[in-house]
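J.: All chains, please: the whole structure from these sequences, using the hints.
Number of protein chains: 2
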Amino acid sequence: MSSDPLVIFTPSGKRGRFPKGTPVLTAARQLGVDLDSVCGGRGICSKCQVSPGYGQFSKHGVTVAPDALSDWNAVEERYDEKRGLKEGRRLGCQATVQGDVVIDVPPESQVHKQVVRKRAEAREIVLNPSVKLFYVEVTEPDMHEPSGDLERLRTALAEQWELEKVTADLHILQMMQPVLRKGAWKVTVAVHLGDQENAARIMNIWPGYYEGTVYGLAVDLGSTTIAAHLCDLQTGEVMASSGVMNPQIRFGEDLMSRVSYSMMNPDGAQEMTRAVREGMSTLFTQIATEGNVAPDLIVDAVFVCNPVMHHLLLGIDPFELGQAPFALATSGALRLRAEDLDLNIHPSARVYLLPCIAGHVGADAAAVALSEAPEKSNDLMLVVDVGTNAEILLGNKEKVLACSSPTGPAFEGAQISSGQRAAPGAIERVEIDPETKVARFKVIGCDLWSDEEGFEEAVASTGITGICGSGIIEMVAEMRIHGIVDAPGLIGSAEQTGSASVFADGRTNSYLVYDGTEKGGPKITVTNRDIREIQMAKAALYSGARLLMDKFGIDKVDRVVLAGAFGAHISPKHAMVLGMIPDAPLEKVTSAGNAAGTGARIALLNTDARAEIEATVRAIHKIETAVEPRFQEHFVNASAIPNAVEPFPILNSLVALPDVTFNTGGGGTGGAGGERGGRRRRRKAT
Amino acid sequence: MSSDPLVIFTPSGKRGRFPKGTPVLTAARQLGVDLDSVCGGRGICSKCQVSPGYGQFSKHGVTVAPDALSDWNAVEERYDEKRGLKEGRRLGCQATVQGDVVIDVPPESQVHKQVVRKRAEAREIVLNPSVKLFYVEVTEPDMHEPSGDLERLRTALAEQWELEKVTADLHILQMMQPVLRKGAWKVTVAVHLGDQENAARIMNIWPGYYEGTVYGLAVDLGSTTIAAHLCDLQTGEVMASSGVMNPQIRFGEDLMSRVSYSMMNPDGAQEMTRAVREGMSTLFTQIATEGNVAPDLIVDAVFVCNPVMHHLLLGIDPFELGQAPFALATSGALRLRAEDLDLNIHPSARVYLLPCIAGHVGADAAAVALSEAPEKSNDLMLVVDVGTNAEILLGNKEKVLACSSPTGPAFEGAQISSGQRAAPGAIERVEIDPETKVARFKVIGCDLWSDEEGFEEAVASTGITGICGSGIIEMVAEMRIHGIVDAPGLIGSAEQTGSASVFADGRTNSYLVYDGTEKGGPKITVTNRDIREIQMAKAALYSGARLLMDKFGIDKVDRVVLAGAFGAHISPKHAMVLGMIPDAPLEKVTSAGNAAGTGARIALLNTDARAEIEATVRAIHKIETAVEPRFQEHFVNASAIPNAVEPFPILNSLVALPDVTFNTGGGGTGGAGGERGGRRRRRKAT
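Residue numbers (the UniProt record's numbering), protein chains in the order written: chain A, 1 to 686; chain B, 1 to 686.
If you're looking for bench data, these hints aren't it; they were derived computationally from the structure. Fair warning: there could be bad hints in the mix.
Pairwise CB distance ranges, derived in the manner of DEER restraints [what the hints assert, rightly or not]: (1) A:K82 to B:Q323: 46 to 56 Å; (2) B:Q323 to A:G212: 30 to 40 Å; (3) B:D342 to A:R421: 40 to 50 Å; (4) B:E197 to A:G212: 21 to 31 Å; (5) B:E237 to A:G212: 48 to 58 Å; (6) A:R250 to B:P207: 52 to 62 Å; (7) B:P207 to A:T139: 47 to 57 Å; (8) A:E108 to B:Q323: 53 to 63 Å; (9) A:E108 to B:Q270: 25 to 35 Å; (10) A:D267 to B:S461: 44 to 54 Å.
Cβ atoms here follow ideal geometry from the backbone N, Cα and C, with glycine treated the same way.
T.: Structure representation (structure tokens):
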């Protein structure tokens, strides 16, 4: 026995002795080495390529002779001729062990390979998709031993792949017989490996060896936009990313107005369900075209969304989400079929919806948690997904708390007099000159500042059309830094502020950012009402975060992660001047980009992550801000810029905010708090 | 311990000691006594009614004192006032044990009660449906501990009924929230208890305690007719039975012509699928109306059908069933959802299709096997389901063989010159006078023979319109008994036979059964071509049975069971004279009525029967007649009446068949065999 050759696999380090003549693939399987194969060792798929190493390996204590593996055989010769085998590579199913050998499994030959991610700090994604491809040889039908084609295919999967009790939807049964015959009883099947609710299932079938791959969709269904990534389930690669507006916008910009629509119109919820599913169809057609992928090759999909979108997608009336106690119809993860949701991908495709955390904290927040993993962090992390509704997570390895806060659409440029969505022509960066107190700015689609040479020519095609969310945040923060706005949120007069940009505008003052009227463009201003809108939005966000900090029993956080597409564009300094987020070292305020979308992609590519996030969500402590008495107090304090009571020591060490007051007796912060209180009552907290 | 009162349940005989004050229902549950309860012991449903016995029970060795159970309590008083409790009955959840007691569980209080069947010899059906009702009290939503309504309902089912991991389709999620609130968090749910492929699932939900029941459909999907029984799943009672013509008939009378239609028309199979599903919708609407049952209360359905109908129902092209090796797409039992098949019952309703035995022996034959259970018989049983295609089972406890044989539609009155379907006005019984050799007959819808007084008046409303299947069998057999037809199947001339009813009809002779032309009615005759058709049909049937006997290694059977609606009307003596069935004692030839429909009903009412028939079907030996060399030989022999070579000793001891020959040199049996051979080739056996 001990004279059998020693086989050592890298990078796993797994080792064992095997009789001479054992194929490398067989040795790998017996040792549990992660070596891919679709054809099951028939020399067809070439997925099991390995790189044998020769010479002395002192680390492993072996010397590998030049004849440690069998000579190239006819199958390898043919493969190399037809497709070319990389220098030094062998087919694991053809090369047999002849002596002690060290065999490297290159990343592309691993089933559970790591998926490349752009962010350095991001957790890795290990590929472990729900659907895999298997090549099988099926026994032909025999009149004397009659059995169904499916039953013989099942037997083949059990015998050749140890896949037990594989079932098939009607769609597969309807297409299976001609494919089996076309492939002369050799077929490739895509098998969903099953989950806690469902047996393994055949998702697609091709005659012979199928050279292609199968795809999945990671879908982030937002109130405003629906975005999706189309991923290759064998490599993890993103083939296309695309987005469309959520067609439900015609029923209301924000979620609560959609809930109202469903309450006031008998078929309102159904209309909105139809609309969002149609939007999905448009998006899926678009992304499949873009990725050049046939829709029936899309066999899995993961959805993340807020609770209202979650219910509307499923065809559940969101009525209960509009009033306390904000009861979800179902909070657990859901495993459905594409056809249940009328999705235009393979009708047998599986759909996974991440669990919802609470009535206001949806599967999108769960996806953020999956992507950012606060429950694995040593630092105390505050994760804020900034959108129309902000979802907030606070936690570390000890525990994780979650809440949502209704920021409203101001951060997306809505309800701001010159506001607009982030699009070319929108002002996204602002700086106010400390001396002149006049603003210079940058617009999306142009790298120049507005006072730099060539700027006018550069923006000629897009124009200067308004201010987007990140622009208004910088604008208000700059106005506060330069004493144009006071802490309670009033704009001073031109005299009080010494700024020629300020002008009287009815009973309050406004600030002129840009006057394009001479060229037929807009006059872009910031009114005191705009300041109020931003105060309300940021106060809602901050007071949610502050409430979680109370519950956690701490008053500062180690790190702040801004999630959401918008989060990527926020300047940490300006956000802190505004008092949107708690005081923290600037370098510890980072953007996670579209973390909800990333979470969806993780759950798509690694089925283990599904069980993981389900457990995480069960463990999260949910806080309902609507009924927390301190929320209102935090909100009123947070209406001030940056805050009426909290010290913000780190911020103060960086920026000295002028101690100005423009209040002349009437109006003031009370208004902001009062208006917000009114809006919050739409949740009907009891 | 031993001083605790002794509780004895009848009829089970289960007994145990329980502390004073134990509710009878609790004692029953702990002993595993089959005592029903929907409300879980809350005194609402009254399903747990028991009859305590008092006095001396020498059999059990106990004396029951008058105070062995607690006095009536307020719940029992109220129930008795409102609905009336039968004399001597107690509510098992309210009455508590106070002393030794004997408690009878009446049949209606048993969950697994026996379903009444009409046939004395029929196996009993023990009720054990897939769907049961459960009353639960669900925890209200709590903002501080957010969870979905479904999740709390699941917890309630787990805690109150030990039902674990119950899931729900989208349809249920869509309707659940208002129902929970309407019932003030008390609801009744219908739960499908799950099976090997699916977790338990909520099928319907009602606010509060639901007084009603749920229903299931047992559907026999035949080539010609679709018949269904609507059954109460709590009592097993048949609420309505109904049938419609299979709308596929417009694509071809027999199965092979439908397979041809699908081959010759690109969307032929899809058209036929639509047609049969539409037929099903018509039938289900009809039966629900007849049973006065809302369609969404129908939560389970069992289908039996031949392989071609099986595939067309599922939307699978039956192409492969039209040619050797007659490969089924799937042979196993199928578990689907009603919406997968566009059925107009509750969209979440479950659908179970019995397994197919082989490419020509379908789920209908499996249902016959379930109903007649040859695998449990000590006698060697031949079970013949007579239809356009005959399915034949032969077996006993040792083994069971199965085949099918293409009898064609002659037994249904088709392809017979005066033939018609069984309907009022059709001749169904025939006797030929030994002296005059003239026939008298009975028609469907009239109890008088045609030579009895009052016959003409009695049939005035229906007329005398033709001969149905059982009529033509008796007719031909009578003609053979009375020497009008010879063994090879030729009708003699009037002179040869001495019958005034025979007349020359071209190159052959015909027999006049009835001449209604004077009254504007038809002239009903039996032509020599009709005799040929019957010869071919009965030869196909017999040779299939004979082939199975060969395979079994025997040459006589103990019993013959005629299944199929038509089987119920066949006269055993005449069938044996014709040589349709093997020689057997007449009293051992019985009819099982629509055994396929009964099998469907068994599988509907008792889920254990599903696993049972799946195991039986796997064990059945399948014989493909198309490729058995002896089949042709048997067929040729069986073309003679009763048979060219087989002795039929029991038949001969009962009837002396005259040894006549009318062959004048040309034609004869060869013709029948030859034609049949031609028709059989349409199966394209290779």
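J.: Of the numbered hints stated previously, which ones are contradicted by the structure, given in increasing order?
T.: Numbers 1, 6, 8 and 9, in rising order.
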